[in-house]
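Enquirer: Protein chains in written order, with the numbering used here: chain A, 1 to 112; chain B, 1 to 114.
If you're looking for bench data, these hints aren't it; they were derived computationally from the structure. Heads up, a few of these hints could be off.
Residues of chain B placed beyond 10 Å of chain A at every Cβ, according to the derived structure [stated by the list, open to error]:
no., residue
1, Thr-20
2, Ile-55
3, Asp-63
4, Asn-71
5, Pro-107
6, Gly-108
Once the Cα atoms are required to be at most 16 Å apart in a straight line, the calculated EDC-like pairs of lysine to aspartate or glutamate come out as [unchecked claim]:
no., chain 1, residue 1, chain 2, residue 2
7, A, Lys-99, B, Glu-18
8, A, Lys-99, B, Glu-14
9, B, Lys-24, B, Asp-63
10, A, Lys-99, B, Asp-56
11, B, Lys-68, B, Glu-14
12, B, Lys-78, B, Glu-102
13, B, Lys-78, B, Asp-57
14, A, Lys-99, B, Asp-57
15, A, Lys-79, A, Glu-3
16, B, Lys-68, B, Glu-11
17, A, Lys-45, A, Glu-15
18, A, Lys-2, B, Asp-63
19, A, Lys-99, B, Asp-30
20, A, Lys-45, B, Glu-102
21, B, Lys-78, B, Asp-30
22, B, Lys-68, B, Asp-57
23, A, Lys-99, A, Glu-3
Heads up, the beta-carbon is just placed ideally off N, CA and C, and yes, glycines get one too.
Given next are the chains, with one letter for each unit.
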Amino acid sequence: RKEVEQDPGPFNVPEGATVAFNCTYSNSASQSFFWYRQDCRKEPKLLMSVYSSGNEDGRFTAQLNRASQYISLLIRDSKLSDSATYLCAVILSPANDYKLSFGAGTTVTVRA
Amino acid sequence: DAGVIQSPRHEVTEMGQEVTLRCKPISGHDYLFWYRQTMMRGLELLIYFNNNVPIDDSGMPEDRFSAKMPNASFSTLKIQPSEPRDSAVYFCASSPRTSWNEQFFGPGTRLTVL
Chain A
1 RKEVEQDPGP
11 FNVPEGATVA
21 FNCTYSNSAS
31 QSFFWYRQDC
41 RKEPKLLMSV
51 YSSGNEDGRF
61 TAQLNRASQY
71 ISLLIRDSKL
81 SDSATYLCAV
91 ILSPANDYKL
101 SFGAGTTVTV
111 RA
Chain B
1 DAGVIQSPRH
11 EVTEMGQEVT
21 LRCKPISGHD
31 YLFWYRQTMM
41 RGLELLIYFN
51 NNVPIDDSGM
61 PEDRFSAKMP
71 NASFSTLKIQ
81 PSEPRDSAVY
91 FCASSPRTSW
101 NEQFFGPGTR
111 LTVL
């Protein structure tokens with residue numbers, strides 16, 4: 001089993017739709033979680049951190065479910081510009097400070 | 001502000017040649033990371049430095065790979081000899097000590113080994 005797993009998609013959604021996807025992690029001791037966005041042939045960029053209580057940034061909502069060991073990202077009112085690959089990143093154990101383990105990414109395509 | 005700078009942006013070389021990738025982190029950042037991204041394996045951490053000191057190189061695939069950080073503003077990743085399976089995009093990233101969890105990535109070097 002991979003340490004961090006994501007549904008690769010692609011998720012093809014119309015503009016204005018809501019899309020959500022998850023990322024599972026293997027180590028229950030993991031403490032820090034993040035979502036990165038990567039555009040085609042570009043570098044990853046931090047989208048948002050994921051806090052225990054869940055957090056929202058505009059149209060983006062991130063949630064953490066420790067019991068089931070997954071994080072989620074929800075995008076409301078999708079825009080064409082949201083088309084990208086979304087990578088989840090996890091610090092798998094407290095002993096692995098600073099080492100991010102990335103999922104393979106979930107591809108989202110928003111169509112007009 | 002300049003972001004992380006990597007060079008070259010593209011590199012095409014033949015099997016057996018030495019390849020050197022370069023990275024200039026964001027000024028003032030204490031951490032520097034080297035990643036490799038392929039379709040098959042995704043984004044993998046190769047090595048990271050803290051204040052120019054290598055902390056964890058467990059992700060370096062084999063002895064053909066080496067990385068150095070001679071000062072706070074420069075790092076290299078060297079592959080010698082290169083093999084076709086080394087073809088990938090190599091990213092350098094840096095982060096400050098105060099918000100180490102946000103890593104700023106450079107544009108990457110797209111390496112093709114023929």
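Enquirer: Is it correct that the beta-carbon of B:Pro-107 has no partner in chain A closer than or equal to 10 Å?
Expert: violated (6 Å)
Enquirer: For the pair we were handed, B:Lys-78 and B:Asp-57, check the Cα-Cα distance against 16 Å.
Expert: holds (13 Å)
Enquirer: Does the structure keep B:Lys-24 and B:Asp-63 at a Cα separation of 16 Å or less?
Expert: violated (24 Å)
Enquirer: Minimum Cβ separation between B:Thr-20 and chain A greater than 10 Å?
Expert: holds (20 Å)
Enquirer: Check the hint pairing A:Lys-45 with B:Glu-102 against an upper bound of 16 Å on the C-alpha distance.
Expert: It holds: about 9 Å lies between the C-alpha atoms, which stays within 16 Å.
Enquirer: For the pair supplied as a hint, A:Lys-99 and B:Glu-18, is the alpha-carbon distance within the 16 Å limit?
Expert: violated (28 Å)
Enquirer: Between A:Lys-99 and A:Glu-3, does the CA-CA distance stay at or below 16 Å?
Expert: holds (13 Å)
Enquirer: Does A:Glu-15 sit within 16 Å of A:Lys-45, going by the straight-line distance between their CA atoms?
Expert: violated (23 Å)
Enquirer: Given the hint that B:Lys-78 pairs with B:Glu-102, does the C-alpha gap stay at or below 16 Å?
Expert: violated (25 Å)
Enquirer: Holds or violated: B:Lys-68 and B:Glu-14, Cα atoms, limit 16 Å.
Expert: Violated, because 23 Å separates the two Cα atoms, which is more than 16 Å.
Enquirer: Using Cβ atoms and 10 Å as the threshold, tell me whether B:Asp-63 really stays out of contact range of chain A.
Expert: holds (21 Å)
Enquirer: Is the straight-line distance between the alpha-carbon of A:Lys-99 and that of B:Asp-57 16 Å or less?
Expert: This hinted pair holds, its Cα atoms lying about 11 Å apart.
When the structure is compared with the earlier hints, violations turn up for hints 2, 5, 6, 7, 8, 9, 11, 12, 15, 16, 17, 18 and 21 and for no others.
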